[in-house]
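K.L.:
Here the protein sequences come in this chain order: A and B.
Numbered by the working numbering, the letters in the first sequence go through residues 6 to 352 in order.
Numbered by the working numbering, the letters in the second sequence go through residues 185 to 434 in order.
Hints are computed from structural coordinates only; laboratory data are not their basis.
The beta carbon of each residue, even a glycine, is placed where N, CA and C say it ideally should be.
A portion of the hints provided could be inaccurate.
Said to hold, decoys possible - Beta-carbon label-pair distances, calculated as ranges:
| no. | chain 1 | residue 1 | chain 2 | residue 2 | range |
| --- | --- | --- | --- | --- | --- |
| 1 | B | HIS314 | A | GLY189 | 51 to 57 Å |
| 2 | B | SER299 | A | TYR288 | 56 to 62 Å |
| 3 | A | GLN153 | B | SER299 | 32 to 38 Å |
| 4 | B | HIS314 | A | ARG122 | 37 to 43 Å |
| 5 | A | PRO20 | B | THR247 | 49 to 55 Å |
| 6 | B | THR245 | A | VAL256 | 41 to 47 Å |
| 7 | B | LYS426 | A | LEU116 | 53 to 59 Å |
| 8 | B | SER337 | A | GLU295 | 56 to 62 Å |
| 9 | A | THR125 | B | PRO311 | 54 to 60 Å |
| 10 | B | ASP318 | A | ALA181 | 34 to 40 Å |
| 11 | A | TRP21 | B | THR247 | 55 to 61 Å |
Single-letter residue listing:
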Amino acid sequence: MPPATASTSKRRVIPWIEGILLVLFLLLPLAVDDFWVLFVTRAFILGLLALSFDLVWGYAGILSFGQALFFGVAGYCCALLATKAGITSILVLLPVAALAGLVVSLMLAFLVILGKRVPTTVFVALGTLTGSYVVERLARGWSYVGGQNGIPSLPRLTLFGHEIAEGPVYYYFALAILALIYLGLRWLTRSQFGLVLAGIREQEARITFFGYHVQNYKGVVFAIAGLIAGISGGLYAFHEGYVGPGQLGPVLSTQVVLYVLFGGVGTLIGGIIGVSMIDLFSYYLSQIWETGWPIVLGLLLLIVVMFKPTGLIGFLVTARERVGSFGRFAPELKDAKKPQAAATETP
Amino acid sequence: MNPTSGASSVLEVRGVKKIYATLTALGGVDLTVTERSFHGLIGPNGSGKSTLLKSIAGAETPTEGTVGFLGNDITQATPAERSRAGMSLKFQITSILPMLSVYDNVLLAVQAQDSMLALLLSRTREPLHHRIMDMLVQFRLDYRPDELAGALSHGQQQWLEIAMALAREPKLLLLDEPTAGMSPQERRATGKLLAPIRERCSLLIVEHDLDFIRDICDTLTVLDQGLVVDSGPTQIVQNSAKVKEAYFHA
Ligand SMILES: Nc1ncnc2c1ncn2[C@@H]1O[C@H](COP(=O)(O)OP(=O)(O)O)[C@@H](O)[C@H]1O
Ligand SMILES: [Mg+2]
Chain A
6 MPPATASTSK RRVIPWIEGI LLVLFLLLPL AVDDFWVLFV TRAFILGLLA LSFDLVWGYA
66 GILSFGQALF FGVAGYCCAL LATKAGITSI LVLLPVAALA GLVVSLMLAF LVILGKRVPT
126 TVFVALGTLT GSYVVERLAR GWSYVGGQNG IPSLPRLTLF GHEIAEGPVY YYFALAILAL
186 IYLGLRWLTR SQFGLVLAGI REQEARITFF GYHVQNYKGV VFAIAGLIAG ISGGLYAFHE
246 GYVGPGQLGP VLSTQVVLYV LFGGVGTLIG GIIGVSMIDL FSYYLSQIWE TGWPIVLGLL
306 LLIVVMFKPT GLIGFLVTAR ERVGSFGRFA PELKDAKKPQ AAATETP
Chain B
185 MNPTSGASSV LEVRGVKKIY ATLTALGGVD LTVTERSFHG LIGPNGSGKS TLLKSIAGAE
245 TPTEGTVGFL GNDITQATPA ERSRAGMSLK FQITSILPML SVYDNVLLAV QAQDSMLALL
305 LSRTREPLHH RIMDMLVQFR LDYRPDELAG ALSHGQQQWL EIAMALAREP KLLLLDEPTA
365 GMSPQERRAT GKLLAPIRER CSLLIVEHDL DFIRDICDTL TVLDQGLVVD SGPTQIVQNS
425 AKVKEAYFHA
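Using the sequences plus the hints, can you model the full thing?
P.N.:
Structure representation (structure tokens):
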């Protein structure tokens, strides 16, 4: 057990990382060319997908290898609406994407999470992986959704008739959505609901004896994560201009798992860092060694996952800060009433 | 259900059997805990005390028999449902949440009564504050509420877990060897800490320390090899020949 000292609870690093990243991301388009603007926009969108996985695994202990399923189905739904019905307004498509992710994740939740018996981690992992796999295969064979080729040349998203073009406009748009959802999750995970999630992560069996219906909590978290993955999938489809079966499948699902493990589980910001770092490494490695770079990347991931289970963020953030504080003595609430006032000498 | 000896019963265990593969841990146990009574459960190691407590709390499903709680048959109820009906417990193995603060451990226990929506909106964080601090003061854990629970001493962790169980204002508290590993002083303190809860709830306690049992329990049940050897008022039972044979000289 790590010793708890007064200082460990006070030295908080995550808000600094969040602040620095936000400023960096706000200023970045002023300093780099279009290639990097597109590159980072993609990282924002996949960052949403990483948040979605971190929420289920890092906060609720659900090992989902199916986050791409919600991402992909949402992307396909939006793409079909845009190409077959001519709908391009983001005010319609983004809610549709969210709803698609929500509905599909609820369906999967009923199959693998909300059963009568408490499912094992392996069962959930295999169940979600299978879902992802099956739907990718379906999409590959279904000509209405373009089969192997998917749906190419999507029109641009519009807002009140103005096109949201890839580049700085899409960049700030994606950043705004990422920041909003990030703040929402930050609030959620630090609420009393978040305390229940912390309890589930630490001692799931014990929590049920307090009267918590753990399955319901997991179901709700899984659905919220599905909704976020859906939004991510919708944004991705229009940023790239196409949807394809690969966006539904186990490869992307697994990639998201790696993003979050690499950056750091259960911190929210770790997923964003993971996406940025892995994509950057991949890019530079592929410049240096055109064919063999995935080997180097794989080894790098393996080293981090094996030797630093808390991910890159684990170098900066203590376990205490990661788990957090929820009650009256939470750092956010501390200034309201100093806990030291309650300090009485004990014999 | 028949109330026994005037006082209405809180817990009625009837013919509970628990068979693990070939091993009969409980061979048909009857046990009644009446309102506001402290009921001791003793017996040699392996006699089935923990299994009985787990069957009552829902951690184990009896192979046979029924468990009645406050007049309802809860044999098939989930642990969460039993807890919401007013049952609280401390397992034999201490299971606080070591990575959470002392305060958050108790908050987690008491806020379980609230709806998911209320918890999402953190609506009960403030209203529950005094109840949590009261509990911490009672169990002498108030001097560092933001300390990690895992950093507490063994005895304090046991107290924290009792505090968590009690903060939920249960009708029945189940304690499995709460003073194991405590110093004599800590044991005495535990007895004092438990005494006042009699006004609010009944207690079923597994305990090896007979002096402790004698001090706080009104009634006593003795288990041996999964069967009730004797049961009744503490003074009478602890002096009965059958018990002396089965337990004290076993
Ligand atoms: N999960 C289990 N599987 C198999 N046997 C068990 C299990 N739990 C307890 N037992 C056995 O049941 C008997 C009663 O155990 P227990 O209730 O823990 O006794 P006590 O708490 O009185 O020491 C013991 O012989 C023990 O080995
Ligand atoms: Mg035992």
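K.L.:
A separate judgement is required for each hint: does it hold in the structure or not?
P.N.:
So, going through the hints one by one against the coordinates:
1. B:HIS314 / A:GLY189: 51 to 57 Å: Once the Cβ atoms are compared, 30 Å apart, the range 51 to 57 Å for GLY189 of chain A and HIS314 of chain B is violated.
2. B:SER299 / A:TYR288: 56 to 62 Å: violated (47 Å)
3. A:GLN153 / B:SER299: 32 to 38 Å: violated (48 Å)
4. B:HIS314 / A:ARG122: 37 to 43 Å: Cβ of HIS314 of chain B to Cβ of ARG122 of chain A: about 39 Å, so the range 37 to 43 Å holds.
5. A:PRO20 / B:THR247: 49 to 55 Å: holds (54 Å)
6. B:THR245 / A:VAL256: 41 to 47 Å: Since THR245 of chain B and VAL256 of chain A have Cβ atoms about 42 Å apart, the given range 41 to 47 Å holds.
7. B:LYS426 / A:LEU116: 53 to 59 Å: With a Cβ separation near 55 Å, LYS426 of chain B and LEU116 of chain A satisfy 53 to 59 Å, so the hint holds.
8. B:SER337 / A:GLU295: 56 to 62 Å: This hint holds: roughly 60 Å between Cβ atoms.
9. A:THR125 / B:PRO311: 54 to 60 Å: For THR125 of chain A and PRO311 of chain B the Cβ distance comes to about 37 Å; the hint is violated.
10. B:ASP318 / A:ALA181: 34 to 40 Å: violated (45 Å)
11. A:TRP21 / B:THR247: 55 to 61 Å: Given a distance of about 57 Å, which is inside 55 to 61 Å, the answer is holds.
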